[in-house]
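As given, the protein sequences belong to chains A and B, one line each in that order.
Using the numbering used here, count along the first sequence one by one with no gaps and you end on 1620.
Using the numbering used here, count along the second sequence one by one with no gaps and you end on 1620.
Hints are computed from structural coordinates only; laboratory data are not their basis.
A hint or two may mislead.
Just so you know, same-sequence chains aren't split out, so a pair can sit in one copy or run between any two.
DMTMM-like cross-link-like pairs, simulated, lysine to aspartate or glutamate; straight-line CA separation at most 20 Å [as the list claims (entries may be wrong)]:
no.	residue 1	residue 2
1	K1538	D1221
2	K1530	E1231
3	K1408	D1306
4	K1538	E1364
5	K1538	E1586
6	K1223	D1537
7	K1223	D1208
8	K1530	D1208
Each chain, written out:
2 protein chains.
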Amino acid sequence: MAEYPVLIDGKWRPAKAASTFQAVNPATGERLPGTYPVSTWDDCDAALSAAAAAFNELRRTPPESIARFLVRFAERLEARKAQLVEQANLETALPASPRLADVELPRTTGQLRQAADAALEGSWALPTIDTKNQIRSCFEPIGPVVVFGPNNFPFAFNGAAGGDFAAAIATGNPVIAKGHPLHPGTSRMLAEEAFAASTECGLPAATVQLIYKIDHQSGQRLVSDPRVGASAFTGSRTGGLALKTAADRVGKPIYLEMSSINPVIMLPGALAERGGKVAADFSSSSLLGGGQFCTSPGLVLLFAGDTAEQFIDDVRKAFESAPTPALLSSAVAKGLSESVTTLRGAGAALATADAPAAPGCRYPNTLLRVSGQAFLERPEQLQTEAFGSTALCVVVRDAGEAEAVLSHLEGNLTGGIYSDTGGRDEALYARLEPILRQKVGRLLNDKMPTGVAVSPAMNHGGPFPATGHPGFTAVGIPASLRRFAMLCCYDNVREHRLPPALRDETPNGRMWRVIDGRFTQASCIPTPT
Amino acid sequence: MAEYPVLIDGKWRPAKAASTFQAVNPATGERLPGTYPVSTWDDCDAALSAAAAAFNELRRTPPESIARFLVRFAERLEARKAQLVEQANLETALPASPRLADVELPRTTGQLRQAADAALEGSWALPTIDTKNQIRSCFEPIGPVVVFGPNNFPFAFNGAAGGDFAAAIATGNPVIAKGHPLHPGTSRMLAEEAFAASTECGLPAATVQLIYKIDHQSGQRLVSDPRVGASAFTGSRTGGLALKTAADRVGKPIYLEMSSINPVIMLPGALAERGGKVAADFSSSSLLGGGQFCTSPGLVLLFAGDTAEQFIDDVRKAFESAPTPALLSSAVAKGLSESVTTLRGAGAALATADAPAAPGCRYPNTLLRVSGQAFLERPEQLQTEAFGSTALCVVVRDAGEAEAVLSHLEGNLTGGIYSDTGGRDEALYARLEPILRQKVGRLLNDKMPTGVAVSPAMNHGGPFPATGHPGFTAVGIPASLRRFAMLCCYDNVREHRLPPALRDETPNGRMWRVIDGRFTQASCIPTPT
Chain A
1092 MAEYPVLIDG KWRPAKAAST FQAVNPATGE RLPGTYPVST WDDCDAALSA
1142 AAAAFNELRR TPPESIARFL VRFAERLEAR KAQLVEQANL ETALPASPRL
1192 ADVELPRTTG QLRQAADAAL EGSWALPTID TKNQIRSCFE PIGPVVVFGP
1242 NNFPFAFNGA AGGDFAAAIA TGNPVIAKGH PLHPGTSRML AEEAFAASTE
1292 CGLPAATVQL IYKIDHQSGQ RLVSDPRVGA SAFTGSRTGG LALKTAADRV
1342 GKPIYLEMSS INPVIMLPGA LAERGGKVAA DFSSSSLLGG GQFCTSPGLV
1392 LLFAGDTAEQ FIDDVRKAFE SAPTPALLSS AVAKGLSESV TTLRGAGAAL
1442 ATADAPAAPG CRYPNTLLRV SGQAFLERPE QLQTEAFGST ALCVVVRDAG
1492 EAEAVLSHLE GNLTGGIYSD TGGRDEALYA RLEPILRQKV GRLLNDKMPT
1542 GVAVSPAMNH GGPFPATGHP GFTAVGIPAS LRRFAMLCCY DNVREHRLPP
1592 ALRDETPNGR MWRVIDGRFT QASCIPTPT
Chain B
1092 MAEYPVLIDG KWRPAKAAST FQAVNPATGE RLPGTYPVST WDDCDAALSA
1142 AAAAFNELRR TPPESIARFL VRFAERLEAR KAQLVEQANL ETALPASPRL
1192 ADVELPRTTG QLRQAADAAL EGSWALPTID TKNQIRSCFE PIGPVVVFGP
1242 NNFPFAFNGA AGGDFAAAIA TGNPVIAKGH PLHPGTSRML AEEAFAASTE
1292 CGLPAATVQL IYKIDHQSGQ RLVSDPRVGA SAFTGSRTGG LALKTAADRV
1342 GKPIYLEMSS INPVIMLPGA LAERGGKVAA DFSSSSLLGG GQFCTSPGLV
1392 LLFAGDTAEQ FIDDVRKAFE SAPTPALLSS AVAKGLSESV TTLRGAGAAL
1442 ATADAPAAPG CRYPNTLLRV SGQAFLERPE QLQTEAFGST ALCVVVRDAG
1492 EAEAVLSHLE GNLTGGIYSD TGGRDEALYA RLEPILRQKV GRLLNDKMPT
1542 GVAVSPAMNH GGPFPATGHP GFTAVGIPAS LRRFAMLCCY DNVREHRLPP
1592 ALRDETPNGR MWRVIDGRFT QASCIPTPT
């Protein structure tokens, strides 16, 4: 069986491979056709050198060309939609429709187009001009970006097409995509379209590169190599922390999205008012995509009483009646089983029936419960992320115990509070919200966290260990672009030598700049017409 | 002799001290009166708990109160100016005038007032509103901030009054100031005024706290404690890296300003045109403050030839004729001596006379030179920071060698290029600027880097190891505030529960917010008048 090539320095060429691997169809457990290389450091090294050269070219490339590439790439993905969806479905078992075809792919092309607009418009760079001191600054591209894509979004977070890719490219950096080994065929097709689009638009040959799999040591060398500007990683905490240690040691920025149990507080008034609807919302959010969303609600805080018991029973029924999903891989199923064992070992009890172990990539939908008091005895183990269709109900006695539970939470991407619409929960909300607020990147009211709108106001980020830094977001343009930029100041630099964003005349009439303290789209000094 | 107290939780109280120390007058080598405690972890622990409580109060404190505090603090510093200047002069040997009284103190109070304006106005938080999706986000305070002040700016970078302090407070965080042990009396007086001002303005008792000295282990525990939001450190690379490792391990943001040799390229046309003036500029910048500026130009790149030799000779004369300054401490003098030894051992030759070792805190002004070729043999050693009045001239053969030298530079705060005013150096500029640009936070033309204007467009930052992340600046309001903030998103949150910055109505009519993609100072929805 022929081995698929890697994309390095503008060529699809055989990898310097240490070994090979195949993807598996999680729905059937069968190996999929196609052999992919596990690259050695040689491939990484070649990609880094090519990316460094491409970066020097990209810095001289006008944003119009970069935007054109992003749009053209989106168009090409739409043209190949049927094949992409089929491949991603085979490799992930995520439903072809609506999930892949109607939600994730449109989201991916939407992100590419939003990134194109942001590149063209230019306000992302926060250009700031001080005419009195003749000092000007803005964000500029940071250098080659390595993007490690996760297993759970084969399109929207793919290293060769997803949000990090779009942000890094829009900022003006080349990308080395490290595809996720669970869906190499999807990553290959995405990179094929990206490369074809970059060629059409005359971008440097190494603007987009792709490798499929490397060993841990090479990953750590990649993120800490002097030729790299920054890295982005979405995946497990173990993997993320190892890369973070390597990158931190040499001061290379790395943006991580690692783990999150997305706590949701159900205040008593909400359950009294609309408990059935809340339970239904929670169940479908928790089961969505096999519970394999970064923002899947995995911990729900309930106040002891009849409405809490009713909620648990409603969710139990929903979990038990929903089909057992095919997870992304047998490793995910195994990890989930281990997490449930940890949670149970720490004192959580099964609420759903003790179903027999499912074969291969499956694991039964599992609802667990624990008292607030028991949670507080083992808070660390009891917030173990159970990646898959699992949730833990923490039933607290009173507000004081709720405060204590919340105080023990680690950083999370999201946190939600459901409350009575008539205001009966207001005092409790005011007491608990400040604790939750400090622990999460996105706070929701009366809404489940699994929808992550690609909005300029979105924060898909949060305090450690959800991410590596609570000031950055992986979703939401233009803020996500600034992760891949460095702040560049020009002091007394002659006007013709300044980047267009910092010259007196507005580069495009649309860019918002801060000139002497005021945001404006106008030129710095009125220019003759 | 009585031991000075620490300021913890709103009380000047005796430290839980492991030992004590005294400050030394660098000009005379004599110990100064007053004994200061080396705090144990107990003091740090108490300060952290108090800061955590203060943070919860500060989050409910309106920006008007915080701004009033910053202004009142500035006024109190001005009222105590004579005593502050005298103390700082005794402890640092920096000239009382103009340096301390006429430059650094006004700069410090100016920073406090700019921070007050930024807190009041609020645009620093980049409030972003998406009305269609009902998602809103802005930056909010991150939690208690530990500020480690450096030895070289007793006022403007002091943990209890400087730029990091002002930024952390304006953002809404309490500060634990770790004063620099070389000027404990100055730090004490600053903290006295800060505390008095905070009491006057009704801020929480632990808004400002001060400890003078701790061991390394306690420092590392401080920056990685769960109660801490973030830390800021200005000082040596060794100290900064140890703190960075500790903070990184637990994902706590830490902002570092560690070391910089601030390369300056003298293009041949500039020297041909105005070599005498350029040499004079360089000499006075390099000798300013005993060469103990973070932005002191320590490496100058020259193109071999008569003008380069003339430049070196002019600078040599200036260095030799300038007085040998009293450095900040005998440790600084010793460190400088060691750095010069390293540079000479790596191939640099003395250009100034081989002066006899000066006593105590003094070290002769020292100009060194090395060829580009020799530099390229030991690039790492030859960019050793020599903190003090020392500079190294690197004389290159041609543009190719200049490119190679620049390519080997580490990250720096600043980099400068002097060129012919008539355009004769333009081709060389275009060739070298992109390499230098990627290595520095602030790029200058025909200007020395030692003036760091407190401008919104300033970047006092740069790639590692000058700092820990090239996207942040320690000087320049409002950008410096965002270091001490986390991105907080509100998804479907009821309007009355939103922070004022994100409600429909503009909180003050001045705050710039991005509403549906447009920067505006207006309300989100027209409110009835």
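Hints, one by one, checked against the model:
no., hint, result
1, K1538 <-> D1221, "between (43 Å within a copy, 16 Å between copies)"
2, K1530 <-> E1231, "between (31 Å within a copy, 12 Å between copies)"
3, K1408 <-> D1306, "neither (43 Å within a copy, 57 Å between copies)"
4, K1538 <-> E1364, "within (15 Å within a copy, 68 Å between copies)"
5, K1538 <-> E1586, "between (50 Å within a copy, 15 Å between copies)"
6, K1223 <-> D1537, "between (49 Å within a copy, 17 Å between copies)"
7, K1223 <-> D1208, "between (32 Å within a copy, 19 Å between copies)"
8, K1530 <-> D1208, "neither (32 Å within a copy, 29 Å between copies)"
Checked against the numbered hints listed earlier, the structure breaks hints 3, 8; every other hint is satisfied.
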